[in-house]
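Chains as they are written, first to last, in our numbering: chain E, 1 to 365; chain V, 1 to 331.
Check each hint, because a few of them may be wrong.
Stated by the list, open to error - When the alpha-carbon atoms are kept at most 27 Å apart in a straight line, the in silico DSSO-like pairs for lysine-lysine are as follows:
1. V:Lys51 / E:Lys106
2. E:Lys152 / V:Lys51
3. V:Lys274 / E:Lys284
4. E:Lys75 / E:Lys106
Said to hold, decoys possible - Residues from chain E that keep clear of chain V, each with C-beta distances beyond 10 Å, as calculated:
5. Leu67
6. Val72
7. Thr116
8. Asp122
9. Asp252
10. Asp286
11. Ala294
I should point out that these hints are in silico values taken from the structure, not numbers from a laboratory.
Note that the Cβ used here is the ideal one computed from N, Cα and C, for glycine as well.
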Amino acid sequence: MFLTNLWKRGIVVTLVIALLISVVGCTPKDSTTVDVEDNQEKENVVELAEENVDEEPVEEIRIVDHLGREIVLEKEAERLVSGYYITSSMLIALGLKDNVVGIEAKADTRPIYALTAPELLDLPNVGTAKEFNLEGTIGLEPDLVILPIRLKEAVESLEKLGINVIAVNPEDMDLLKETLAMIGEATGTMERAERLIAYYDGKTEEIEKLVADKERKRVYLGGNSDFLSTATSKMYQNYMIETAGGKNVAGDIDDTYWANISYEQLIAYNPDIIIIAPGASYTKEDVLNDSRLASINAIQNNEVYVMPGDVESWDSPVPSSILGTMWLTSILNGEDYPYDKFVDDAVSFYEDFYNITIDREVFSR
Amino acid sequence: MKEKKGIYQFIIGLMILGIAFILSITVGRYHISIEDFGKILLGRQVDATIKMVFFHLRLPRTIMVILGGMGLGIAGSIYQMIFKNPLATPDIMGVSSGANLGAAIAIIFFTGGSFVLGFTAFLGGLLAVFTAIGLTNLSRDKGISSIVLAGIVITSMAQGIIMMLKYFADPERQLAAIEFWSMGSFAGITLDKLLAVLPFFILGIIILFLLRWQINILSLSDDEGRSLGVNVTVIRTFAIIGSTLVVASIVSVTGLITFIGLMAPHIGRIIRKKNDFNTGIFSGIIGAIILIIADSLARSISSSEIPISILTTFIGAPYLAYLIVTQDRRL
Numbered sequence: 001m002f003l004t005n006l007w008k009r010g011i012v013v014t015l016v017i018a019l020l021i022s023v024v025g026c027t028p029k030d031s032t033t034v035d036v037e038d039n040q041e042k043e044n045v046v047e048l049a050e051e052n053v054d055e056e057p058v059e060e061i062r063i064v065d066h067l068g069r070e071i072v073l074e075k076e077a078e079r080l081v082s083g084y085y086i087t088s089s090m091l092i093a094l095g096l097k098d099n100v101v102g103i104e105a106k107a108d109t110r111p112i113y114a115l116t117a118p119e120l121l122d123l124p125n126v127g128t129a130k131e132f133n134l135e136g137t138i139g140l141e142p143d144l145v146i147l148p149i150r151l152k153e154a155v156e157s158l159e160k161l162g163i164n165v166i167a168v169n170p171e172d173m174d175l176l177k178e179t180l181a182m183i184g185e186a187t188g189t190m191e192r193a194e195r196l197i198a199y200y201d202g203k204t205e206e207i208e209k210l211v212a213d214k215e216r217k218r219v220y221l222g223g224n225s226d227f228l229s230t231a232t233s234k235m236y237q238n239y240m241i242e243t244a245g246g247k248n249v250a251g252d253i254d255d256t257y258w259a260n261i262s263y264e265q266l267i268a269y270n271p272d273i274i275i276i277a278p279g280a281s282y283t284k285e286d287v288l289n290d291s292r293l294a295s296i297n298a299i300q301n302n303e304v305y306v307m308p309g310d311v312e313s314w315d316s317p318v319p320s321s322i323l324g325t326m327w328l329t330s331i332l333n334g335e336d337y338p339y340d341k342f343v344d345d346a347v348s349f350y351e352d353f354y355n356i357t358i359d360r361e362v363f364s365r
Numbered sequence: 001m002k003e004k005k006g007i008y009q010f011i012i013g014l015m016i017l018g019i020a021f022i023l024s025i026t027v028g029r030y031h032i033s034i035e036d037f038g039k040i041l042l043g044r045q046v047d048a049t050i051k052m053v054f055f056h057l058r059l060p061r062t063i064m065v066i067l068g069g070m071g072l073g074i075a076g077s078i079y080q081m082i083f084k085n086p087l088a089t090p091d092i093m094g095v096s097s098g099a100n101l102g103a104a105i106a107i108i109f110f111t112g113g114s115f116v117l118g119f120t121a122f123l124g125g126l127l128a129v130f131t132a133i134g135l136t137n138l139s140r141d142k143g144i145s146s147i148v149l150a151g152i153v154i155t156s157m158a159q160g161i162i163m164m165l166k167y168f169a170d171p172e173r174q175l176a177a178i179e180f181w182s183m184g185s186f187a188g189i190t191l192d193k194l195l196a197v198l199p200f201f202i203l204g205i206i207i208l209f210l211l212r213w214q215i216n217i218l219s220l221s222d223d224e225g226r227s228l229g230v231n232v233t234v235i236r237t238f239a240i241i242g243s244t245l246v247v248a249s250i251v252s253v254t255g256l257i258t259f260i261g262l263m264a265p266h267i268g269r270i271i272r273k274k275n276d277f278n279t280g281i282f283s284g285i286i287g288a289i290i291l292i293i294a295d296s297l298a299r300s301i302s303s304s305e306i307p308i309s310i311l312t313t314f315i316g317a318p319y320l321a322y323l324i325v326t327q328d329r330r331l
């Protein structure tokens with residue numbers, strides 16, 4: 001008994017010593033690397049300062065990202081990793097698909113890749129927003145990693161390892177344009193990014209003029225997981241409805257996420273038009289045949305539309321999301337912006353920026 | 001004298017519930033005027049939309065709330081009796097976790113809408129409990145601790161699978177849908193759903209009611225029960241099955257409702273100072289009152305529905321705290 005206890009103690013003591021040694025063994029190494037990095041950074045700063053003093057043309061690219069961090073690139077980034085579907089789609093739109101060396105997980109659930117850049121689907125994935133694959137990303141030796149701001153921890157870890165990261169937050173039109181500009185700058189594709197931005201601005205202005213003096217129809221947007229979940233005032237979907245000349249009936253709910261409402265509330269809202277989000281788990285027929293909704297204007301006038309999602313879900317701020325606003329405009333103000341005109345515009349958008357010809361039948365209303 | 005007091009408690013409880021019911025039925029996002037209520041009550045002609053809202057949405061929802069509160073209160077009370085433990089709830093046999101798992105599976109793999117979801121949640125709840133009962137029967141000692149352990153095993157397995165599903169779920173919609181489901185809501189209750197779960201609810205209540213004397217005996221020690229000629233294991237199993245039917249039929253359409261199953265029986269016992277089947281019924285009334293207040297708030301505070309479990313907790317917990325401090329409780 002005593003002996004076994006002694007054994008156990010011996011093992012514990014050995015383990016503790018081993019642990020201590022490994023900790024001691026690691027710490028100095030780590031701290032030296034950090035020191036070296038720090039010094040390098042300081043040197044960089046000193047160099048930059050000197051250059052500024054000399055007023056020589058600075059070749060570095062400087063970008064301030066959506067976490068307020070400043071990123072300095074020595075040259076245009078070539079090997080790119082995108083951990084976010086919005087920025088991955090952006091890289092395709094900027095003609096950079098051959099430079100991408102890693103993308104986010106579950107890329108096969110988004111049709112835009114298969115349609116425009118199937119080779120991206122074979123690339124190693126760097127994980128999801130829940131589980132980011134730090135080591136896998138480092139192994140790809142990227143010049144630049146683009147991540148959503150919610151992966152702040154991964155951003156910090158990569159930064160410490162000396163890898164350039166831009167953290168982006170494309171949540172609305174302005175932030176989307178900023179993101180495009182950042183990536184355009186970092187990859188030397190500013191011209192194309194500016195062309196996209198100009199397209200957005202041009203179309204938005206056109207639509208705003210078109211709907212300015214029109215009566216605003218009341219729109220209800222059914223969310224994709226549940227018909228009774230709807231877009232609230234601070235969501236991108238709300239911006240789309242308002243821009244397209246509609247009035248979001250749930251716009252009084254001040255929130256940034258889908259809100260659950262009741263049948264009674266929906267009947268009280270009594271919308272003129274019902275829009276179903278792309279990729280919804282229910283169908284237009286489900287809504288039209290729901291006897292409880294029968295009294296609603298939109299149902300009585302058969303004004304229920306499903307936003308197409310077979311290319312990209314336009315209700316999130318993807319680079320092609322302007323098409324969502326345009327599609328909505330054709331629904332709400334069809335006499336001024338007919339649906340056929342919208343399809344023409346959508347087809348030429350994808351031809352211009354994604355180099356693919358989409359069949360007109362893919363779009364629907 | 002004591003009997004009389006007991007009857008008064010029931011009468012007062014039912015009166016409060018009746019008032020809460022009337023108030024609750026006038027509250028909602030679709031405005032129904034007092035005149036229209038009068039017309040509905042007198043069976044006169046009203047606007048078709050108002051009629052539809054009242055008979056297909058408002059009334060079924062309010063009835064479901066009462067059934068939900070009663071069912072959870074009674075089931076919780078019976079669990080605390082047969083397990084002789086004031087911390088027991090139907091959750092310990094895995095009914096909630098099983099239903100949660102069923103719902104998560106429906107959210108991720110099926111697209112059939114709320115009826116498929118309700119069906120899989122109901123099946124999940126039943127399956128979890130039957131598996132736990134089966135596991136108990138395989139054990140050598142079929143006593144309470146075996147049941148509880150079997151319940152813990154099934155609950156943790158269900159939770160494990162749920163975590164796995166959540167991990168693979170799309171964070172934007174599926175994960176959010178699973179999370180919202182586990183906070184509970186009566187927003188989606190319609191007449192169809194109420195009628196779909198009603199038979200199972202009634203069946204569960206009938207089973208429990210038929211077993212009322214045996215359940216009273218089970219609250220004594222197992223040996224005493226046996227000496228009174230009660231087959232403890234069989235009765236306990238049937239009481240669990242009855243409670244499970246009740247709870248599963250509720251949560252399959254509402255999502256998880258916390259607090260009522262645990263706290264309503266405590267409140268009931270503290271008021272009645274007894275622990276028998278009638279206290280279980282009384283706990284059901286308490287549960288219904290708490291839930292009806294919670295749901296009236298859930299649907300009227302803002303345009304969006306507030307998950308019910310948030311409100312049950314904030315209404316019930318302070319009241320229980322008050323009772324703990326002020327009342328004598330030796331039960």
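Hint check:
A hinted pair counts as satisfied when its Cα atoms are at most 27 Å apart, and V:Lys51 with E:Lys106 does not qualify at roughly 47 Å. Restraint check for E:Lys152 and V:Lys51: the C-alpha separation of about 53 Å exceeds 27 Å, so the hint is violated. Proposed proximity of V:Lys274 and E:Lys284 is contradicted: the alpha carbons are some 55 Å apart, above 27 Å. Between E:Lys75 and E:Lys106 the alpha-carbon distance is near 31 Å, which puts this suggested pair outside the 27 Å criterion.
For E:Leu67, the condition that its CB be more than 10 Å from all CB atoms of chain V holds, with the nearest at approximately 20 Å. For E:Val72, the condition that its CB be more than 10 Å from all CB atoms of chain V holds, with the nearest at approximately 32 Å. The Cβ of E:Thr116 lies farther than 10 Å from every Cβ of chain V, with a closest approach of about 21 Å, so its non-interface assignment holds. No beta-carbon of chain V comes within 10 Å of the beta-carbon of E:Asp122; the shortest separation is about 21 Å.
A cut-off of 10 Å between C-beta atoms contradicts the statement that E:Asp252 is not in contact with chain V; the least separation is 6 Å. With a least CB separation of 7 Å from chain V, E:Asp286 falls inside the 10 Å interface cut-off, contrary to its annotation. Consistency note on E:Ala294: stated as away from chain V, yet its beta-carbon is not over 10 Å from all of that chain's, at 7 Å minimum.
Violated hints, listed in ascending order, are 1, 2, 3, 4, 9, 10, 11; each of the other numbered hints is respected by the structure.
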